[in-house]
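**Q** In case you want the letters, here they are:
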Amino acid sequence: MKPTTHQICEHCGLPSVGARFCCAGCEAVFHAIHDSGLEGFYRLREIASSGPAPIGADFGAPSAGHFARFDAPEYLERHAVMEEGGLYGVELYLEGIHCAGCVWLIERMPRFLDGVVDARLDLGRARLSLRFDPALCPLSRVAQWLARFGYTAFAVRAERIGARTRLERSMMVRVGVCWAIAANVMLLAIALYAGLEHYGDQALASAARWLSLLLCTASMAYGGSVFFRRALASLRVVAAERSAHSLRQVSMDVPISLGLLVGYVHSTVATVTGTGEVWFDSLAVLIAAVLTARWLQVRGRRAAGDAAERLLSLLPSIARRVCGDADYEEIPAESLRPGDLFEVRAGEVVAADGWIEQGSSSVMSAVLTGESRPEAVGPGAAIEAGVTNLGSRLLVRVTASGRQTRVGKLLQWVEEHGERRAPIVQLADRLGGVFVLVILAAALVTGLVWSLVDPSQAVSHVVALLVISCPCALGMATPLALTVGVGQGARRGIFIKHDDVLESLARATHVIFDKTGTLTEGRMTVAETYGSEQAVRLAAALEVHSNHPIAVALRDAVTFGPTQPECSDIEEQPGGGMRGVVEGKVVAVGHLDWVLSQATGSACARDDAVLVARMAHDGLTPVVVSVSGRIEAVVGLGDRLRPKAQELIASLKARGITPALLSGDHPGVVDATAARLGLDTQFVHGGATPEHKVRFVQQMRKRLPQATIIMVGDGVNDAAALQAAHVGVAVHGGSEAALVAADVFMTREGVEAILELVQGAGRVMNVVHRNLLGSAIYNALGITLAMLGYIAPLVAAVAMPVSSLGVVVSSLVQRSFVRRNYTKRNTQRRSENHDTEECTP
Amino acid sequence: MSVLYFLVPLALLLALGAMGAFFWAVRRGQFDDLDTPAIRILMDDDN
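Protein chains in written order, with my numbering: chain A, 1 to 841; chain B, 842 to 888.
These are calculated hints, taken from the structure and not from any lab test. Please note: incorrect hints may appear among the correct ones.
Among chain B residues calculated to face chain A with C-beta under 10 angstroms, some are [to be verified]:
1) L845
2) Y846
3) P850
4) L851
5) L853
6) A856
7) A859
8) F863
9) F864
10) R868
11) F872
12) R881
13) L883
Here chain B is said to cover these stretches of chain A; the calculated rule only asks that three of the stretch's residues, wherever they fall, bring their Cβ under 8 angstroms from a Cβ of chain B [unchecked claim]:
14) 164 to 172
15) 340 to 348
16) 494 to 505
Backbone N, C-alpha and C define an ideal beta-carbon position, used for all residues, glycine too.
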């Protein structure tokens, strides 16, 4: 029995068995690209590639109805911005973007579509900025053109984008301005540290201090105000609660604000009176550095905000309520009340959950379930907000609208969870607060002690202490390390939405896989054969004429050589098997009972029956082959384990992670797969419904409170389970709703990807711990030496930025999610395959 | 050394100019996407 030849799809690079393409979608996109002369796409694909190439829609060429909603006038109004010259600007979110080739291809749109003036793609956010003239080129045509290449377009709501972008931009400006001020103050401070006031022109020194005061005041007012406001708010909350416990909730802004104010007041007094040290440079740098950390965190949250926005943009904002006989009233979708009747025309998206009162149509619920095949619905059928109505007009009675819809509840959950911060960042904050207080206390002690011992040195030692101590690792390097880690992950096709997830991933103890397809190939292949090989060959020849998965599996298992056996009188019985005449003999292939009923006068040998029963018990599908009326062979078909599944599961276990399998597939198959991989049976369940999955995760959390659970899923049915677990991972090809519920989105499937995720997260946390440790040692050493009087202010002034730089660089140069060596092996195998492709016909 | 009384304020004025330019660039959205421009330069504009 020859093994199937493994080729890779010419378009997306995923394995395709014995064909040029892995699916009809890839083939369609491949031809679309070549027909348009855009083959350059393939050259650029390897650059910044984060996953497989865009795969064409599974449901064949999308009908015009799909895109009708893009042309509705309200649509343009809600989503597009009018510019001069009658042009409109619109932002579209595109699904299926993943590499530089996509940028190149999409930005060529103006060459193909008249009326499109400019197309700019933001690769990281998969957002297309389009400037076009709707009179020349309606938006639906743009969406259709994109769909040919496998990209699905959704318009992002203008007002929501605006708010977040404005926030990010204003933060960026604040950071930039504060750094500019800090840099200038530092330049002036160099002169002062170099001894301008002792050896140089007193007037100049005084001018330098006054100028520093001026600049620092600007920085305090513009940048520092962020901290002061939050510190006040935090104190107000604590004062209102008035308990010892609430003292712990004092945010880090309070010590920072305190430090800033004390430093500022002292320095101002020193400047005015002309005596004493000034620390304007430290203050300005502190403000700029902490603002940068905050900005990085906001930027790091982009993916989460983007995901929620995308989902929101999928819901229509306007609904058409029916009042009276033929009267429609256009109202905001959220204003629909349960019991209202609203209309959904062809091509539109359903605005609220409900059931169909009138009309029959087909709908596509890819947003919710990831299933892009249309389903037929009729009166009485339940329908949810977010599905697209493909066919004809529907009248729907509302059961839930706005926030109460399934999708709405998901969005609400996302918003509530959006503000959480990583435990390690919270720890860093608390430590930072404590740190500052400790420093101030130490400074006080140093000042007092030294003024008794040797007053002339007291001040310089206090200054040295204050300058050399640096909470950079706490305030800045930790968020930086997490953000950089997330960015690296993104380049590997792992999109982490919140950086606090990294910590949970590193500590993960359990991983729940949602379907056997993650561990197995997801296809039927021949696992066992008993009996005459010749009979199997004849059976395969017969099965060439069928598209049933069993037929495909049998076909792949056999190679025919130059001539295929001739078949005639072919008859296929759904649910039973196939029968025909091959090379002159009557052959029947199928289930045991059916085959027996076909072949008259044949008895079923006891061995065969036992064999069939055993195979079924093992989770294989038994297929019986009879030739000329006698059973000649029994073939067991099953889902093969993915090639490295065993090793990968072992690697997971080696990391201390227990794998679990929670699948909706047949329990027999699930148990068999789990047994082959050596999974603990208490963590294996087949035939699991979505409710079972959620309950399983919740029970697991109750039973094992110390565990950190990762759940891998791809449909909206998994969304609740994804939320229930500590970390939810959604996989490429899943539904939008799953993407929103998940904490991590991966463009690659399989155990290997999960392993990479967990290992990468572990490495990032190592960097963070390394930073904290390094900073702790540096500070302990520096403060001790300063207190003992061994450090001159100048030395401190140099040491502090060096240490900060060290910690920041350590965060930046981490190699947590770098492409590992196995990629080289993959590319080698790819070129080997190409060689063999050309040799064998 | 007294030339510093002239030079330092001049330098600050330049810094102010730079900040203005930064502000303008941020307003125009030039800093929104820092990754894709790096890829765009690798593309040939033939064909």
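**Q** State for each hint whether it applies.
**A** We went through each hint and held it up to the structure:
Below 10 angstroms, beta-carbon pairs count as interface contacts, and L845 (chain B) has one with chain A at about 6 angstroms; its hint therefore holds. The interface hint given for Y846 (chain B) holds, since its Cβ lies 7 angstroms from the closest Cβ of chain A, which is under the 10 angstroms cut-off. Here the hint on P850 (chain B) is kept, as its CB sits about 8 angstroms from the closest CB of chain A, short of 10 angstroms. Violation of the interface hint for L851 (chain B) is found here, the shortest Cβ-Cβ separation to chain A being roughly 12 angstroms, above the 10 angstroms cut-off.
Proximity of L853 (chain B) to chain A holds as hinted, the smallest CB-CB distance being about 7 angstroms (cut-off 10 angstroms). Hint status for A856 (chain B) relative to chain A: holds, with the closest Cβ pair at about 6 angstroms, below 10 angstroms. The restraint placing A859 (chain B) at the interface with chain A holds, with a minimum CB-CB distance near 7 angstroms, inside the 10 angstroms limit. Given the 10 angstroms rule on beta carbons, the hint for F863 (chain B) holds: about 5 angstroms separates it from the nearest Cβ of chain A.
The beta carbon of F864 (chain B) is positioned within 10 angstroms of a beta carbon in chain A (closest approach about 6 angstroms), and the interface hint is therefore held. Taken as an interface hint, R868 (chain B) checks out: its beta carbon lies about 7 angstroms from the nearest beta carbon of chain A, inside 10 angstroms. Using the Cβ-Cβ criterion of 10 angstroms, the hint placing F872 (chain B) at the interface with chain A is satisfied: the shortest such distance is roughly 6 angstroms. The closest approach between the C-beta of R881 (chain B) and any C-beta of chain A is roughly 7 angstroms, which is under the 10 angstroms cut-off, so the hint is satisfied.
For L883 (chain B), the shortest C-beta to C-beta distance to chain A is roughly 6 angstroms, which falls under 10 angstroms, so the interface hint holds. As drawn, the segment 164 to 172 of chain A meets chain B at 4 residues by the rule of a beta-carbon pair under 8 angstroms; at three or more, the given contact holds. Note: the segment 340 to 348 of chain A has 0 residues with beta-carbon separation from chain B under 8 angstroms; the three-residue rule is not met and the coverage is violated. Coverage of the segment 494 to 505 of chain A by chain B is violated in this model, with 0 residues showing a Cβ closer than 8 angstroms to a Cβ of that chain against a need of three.
Comparing the model with each earlier hint shows violations of hints 4, 15 and 16; every other hint is respected.
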